[in-house]
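Undergrad: Make one complex out of these two single chains by using the hints.
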Amino acid sequence: MGADFNPADEAERLREQLAEQDDAELPEEGVIEERLNILVNDYSVPLKEARRSVFREYGDENDESTPGTGGGGSTQVSVDDITAPDEWVTLEVQLAQLWDSTHDSIRQSGLIGDDTGRIKFVSWEQSDLELLEEGASYRIENAVTDEYQGRLSVNFNSSTVIEQIDEDIEAHEETEELYGAMVAVQDGSGLIKRCPKDGCTRVLSDGRCPEHGAVDGGEHDLRIKAVLDDGNDVQEVIFNREATEDIMDFDLDDAKEMAQEALDPTVVEQKVRDELVGKYYTVEGPKAGRYILVNEWGHLGLPDMEMVDGLLDRARTESETEPAEADD
Amino acid sequence: MSSSYQRQTAVRAFAQEFNDATYSFKESDSDMAPKYALLPTGQRMNRGFFVGTLTETEDVGNDAPYWHGRVVDATGVFHVYAGQYQPEAEQMLREVETPAFVSVVGKPRTYETDSGNMNVAIRPESITEVDVDVKTNWVVETAARTLDRIEDIEEWDIDGLDDASDAPRDVDMALEEYDMTFDQYREMVHEAVESVEADIPE
Numbered sequence: 049m050g051a052d053f054n055p056a057d058e059a060e061r062l063r064e065q066l067a068e069q070d071d072a073e074l075p076e077e078g079v080i081e082e083r084l085n086i087l088v089n090d091y092s093v094p095l096k097e098a099r100r101s102v103f104r105e106y107g108d109e110n111d112e113s114t115p116g117t118g119g120g121g122s123t124q125v126s127v128d129d130i131t132a133p134d135e136w137v138t139l140e141v142q143l144a145q146l147w148d149s150t151h152d153s154i155r156q157s158g159l160i161g162d163d164t165g166r167i168k169f170v171s172w173e174q175s176d177l178e179l180l181e182e183g184a185s186y187r188i189e190n191a192v193t194d195e196y197q198g199r200l201s202v203n204f205n206s207s208t209v210i211e212q213i214d215e216d217i218e219a220h221e222e223t224e225e226l227y228g229a230m231v232a233v234q235d236g237s238g239l240i241k242r243c244p245k246d247g248c249t250r251v252l253s254d255g256r257c258p259e260h261g262a263v264d265g266g267e268h269d270l271r272i273k274a275v276l277d278d279g280n281d282v283q284e285v286i287f288n289r290e291a292t293e294d295i296m297d298f299d300l301d302d303a304k305e306m307a308q309e310a311l312d313p314t315v316v317e318q319k320v321r322d323e324l325v326g327k328y329y330t331v332e333g334p335k336a337g338r339y340i341l342v343n344e345w346g347h348l349g350l351p352d353m354e355m356v357d358g359l360l361d362r363a364r365t366e367s368e369t370e371p372a373e374a375d376d
Numbered sequence: 060m061s062s063s064y065q066r067q068t069a070v071r072a073f074a075q076e077f078n079d080a081t082y083s084f085k086e087s088d089s090d091m092a093p094k095y096a097l098l099p100t101g102q103r104m105n106r107g108f109f110v111g112t113l114t115e116t117e118d119v120g121n122d123a124p125y126w127h128g129r130v131v132d133a134t135g136v137f138h139v140y141a142g143q144y145q146p147e148a149e150q151m152l153r154e155v156e157t158p159a160f161v162s163v164v165g166k167p168r169t170y171e172t173d174s175g176n177m178n179v180a181i182r183p184e185s186i187t188e189v190d191v192d193v194k195t196n197w198v199v200e201t202a203a204r205t206l207d208r209i210e211d212i213e214e215w216d217i218d219g220l221d222d223a224s225d226a227p228r229d230v231d232m233a234l235e236e237y238d239m240t241f242d243q244y245r246e247m248v249h250e251a252v253e254s255v256e257a258d259i260p261e
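Line order of the protein sequences matches chains A and B.
The opening position of the first sequence corresponds to residue 49 in the numbering used here, with each subsequent residue numbered one higher.
The opening position of the second sequence corresponds to residue 60 in the numbering used here, with each subsequent residue numbered one higher.
Isolated chain B (complex conformation) (with noise of 0.2 Å):
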């Protein structure tokens, strides 16, 4: 690694949206350049940080194992698959009791399921147990970044202006690529945020 290299930041995201997030994209032909998920909200997704309670894990390999660990939030799934190169996160998957909550760092991959659909999942690089303190903090950490990427993403999404070409790269493509509505998302913001209410002290 040169001193160079900037390291992607780790961005939040609720299950809802990021299994939204079927577009992906390179910014060059190389094989080294970084690949990136597509958020409806305008952001791109190199890595991301999730947090929500493992509930079930399965060795879904056919020769070598290969580990799918469902980690749940207040609004949908994240699908965790670790194999022999995550090492750490396989063994992970493998010996922890479900159910408990836990923290992943790790990448997006988009695939495509059998029946044609584009599914999203995360490629771990690190899944560690933690305590509720940890998934309420992400919670309300989440939250503030999705409506922080809403609120921008908005200012551009106005009836009859079909050219958002002035807007942020990400924002840009994001209206080119999906086509969702941003209240859907602060439903799924507004809910997250009501599952933790009972873990704040008063």
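One chain only, chain A, in its complex shape (with noise of 0.2 Å):
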């Protein structure tokens, strides 16, 4: 996208290139620059993809180039050595995370990872591709890499072949660690439902999910979300079932039997603020949006006799610190 579309020259460049093919069925006039500005401007795909979207719908089915690659040549690379946009690459990599479609034209997106890094991935909904699983580990022959907004990615397409292997690839995972007081624990920890519906697992708020309405039931679980503060910056974080068990000294089956005796949940939420608010924590784990998701924690230790010597010396008055030798 950028300032710089301009659907009509773009249009008139993907008619010329088109008209070399032999086999092209070149579309009316206007066509191409309204599915050019459909695909840029009402559903955000970077130009680059547009531009082969045109030339996959109108071109000819037997040649693979499509503007902007030499087509063919692709080689088996880490997720690492993958630098710059537009080049087919084969990857064999764990699908580390799922996000959900944010519209029609893609299939799936997320991140897929190696041992050296993760990268975001788009299988768009013209090119067909299988369903893939979260978890999993794939070998990918023919993806093109893109660039969007400074950020590389991998482009599935329709010469893009998948096939699930048996190796077990770990996608390698970028985690932050930091330090800080923890200010506040916020509403909506502890005991926590989560929506029964297929899929869903968002949190229900009175029984009712904010993407099905009321619904029966629900599954317990626990989580934390909670602030912590350095005195610079305010960080949040999730604390989720597993980091929750380790951090109280109270367990999931526990947590339900506090609930159930109180006749109120709540009381699980009260807990965990008595116990963790106004206290200095260390966490490490992956950035999520706001958020960092909490795999390891621990509290603060004690700083070292060097950092309260620096300070000592920091807070000395300017005519403490005159030279000495003006006594002599």
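Not one of these hints is a red herring.
Here are the in silico distance ranges between beta carbons for each label pair: (1) A:Leu179 / B:Glu214: 58 to 64 Å; (2) A:Glu305 / B:Asp90: 42 to 48 Å; (3) B:Thr172 / A:Arg256: 48 to 54 Å; (4) B:Glu236 / A:Cys248: 50 to 56 Å; (5) B:Thr172 / A:Arg250: 50 to 56 Å; (6) A:Glu222 / B:Gln65: 23 to 29 Å; (7) A:Glu105 / B:Gln65: 41 to 47 Å; (8) B:Glu156 / A:Ala262: 44 to 50 Å; (9) A:Trp345 / B:Arg168: 29 to 35 Å; (10) A:Leu200 / B:Glu156: 57 to 63 Å; (11) B:Tyr144 / A:Ala310: 22 to 28 Å; (12) B:Asp258 / A:Thr123: 55 to 61 Å; (13) B:Asn121 / A:Arg256: 39 to 45 Å; (14) A:Ser126 / B:Met239: 54 to 60 Å.
Simulated from the structure, these hints should not be mistaken for laboratory data.
Cβ atoms here follow ideal geometry from the backbone N, Cα and C, with glycine treated the same way.
TA: Written out as structure tokens, the structure is:
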């Protein structure tokens, strides 16, 4: 996209390129332009992918070349070898994370990774590829690298061949480490219920799912949404059930019991708040949106003497730090 | 709370400087606009994180309970007041046995005393009993943050420079509103850090 996208110009250029192909069926005037417009402006499809889409629609089916690439020549690479757009690559990766589809033209998107890193992938609806499963490992031949707003990604297209492999590939996880005082435990922490509808795990509020409305039942879960603050920045963090059971001295069954006895599920949240707020913690985990998902946590250790001496030095006033030789 | 809501950082300050922060301001007239106390070292504070020893608690309310707690650090006393709108903090002050190390997350509130002086107190969001390590960490962290501020504002506090309007806004305001020497805050930090030296492992 960007300011320099002029659908009429792009359409004209594509028309010329299509005209060079022997078996291409040229659409009527304006059709290409409209299609580009819809893809780029209505669906936020990157221009490069929009061009490809038009080419596949109207171009010679046997001609694998697409604008901006030489076609063929896909080499197997590691994720961190991907440094430029418009390269044909073959990867062996784990599907680390699937994202909710943001528009109709995308079949699947998310993160794939190997032991060198992670990268976004997009599988377009039009390419009609098989649906991939989170956690599984795949060999992906003939994907094309892309760049959008400075971030690299990998696009699967109709010539991409995907095969699930037995080898267990672990997607490298980029984690952040930080410390801070826990200054708040937010509402919606402790014992929660998740929507029981297929594939939906949203948290229910008064028995209502934000997506499905009032639902029966729901699956109990534990989590903590909290705020760490080091005096310079605030960072929201989430403890999942495992991390919550680790930092608290109760598990999910205990929590259900507590809630039943009190006839009030928020007693669990209050217990979490009483235990955690006002103390220092270190946490480590991957960043997801504005949250850090806590994998590891600990109590902040004491500072060492070197740090303390450094502060005492810094605190000295100007008059105290004047050179001593003046006395000689 | 909308997703665009940006939570205010909990600023760190020792009791001596906190009690000097008698100037408060808002950025707009709206009732929802956050209220800030201005620290003399040039930092606005809408929320703070404080640690010290709770030495005394007392119900000072007339009709409804209104609990006052004295939280002492190496440089002075934080005054904490909790009433019916801070039920958890109020309950804590009512039930806790003093002395105890406590951490307090809360908002600064300035008020005028009967004698016409401006005082600064904390309206707590939470009060938690903690161990001595939390206090030690807080003192060292607060010393570092305070020295950062002192070093920044000293850059702008030069004799003969009567206009610091190029300085960061909070620094400019602090130089305007207060008549403090920063050496006294350096001494304050020095004292505070010395007070925890014995708690640091060799």
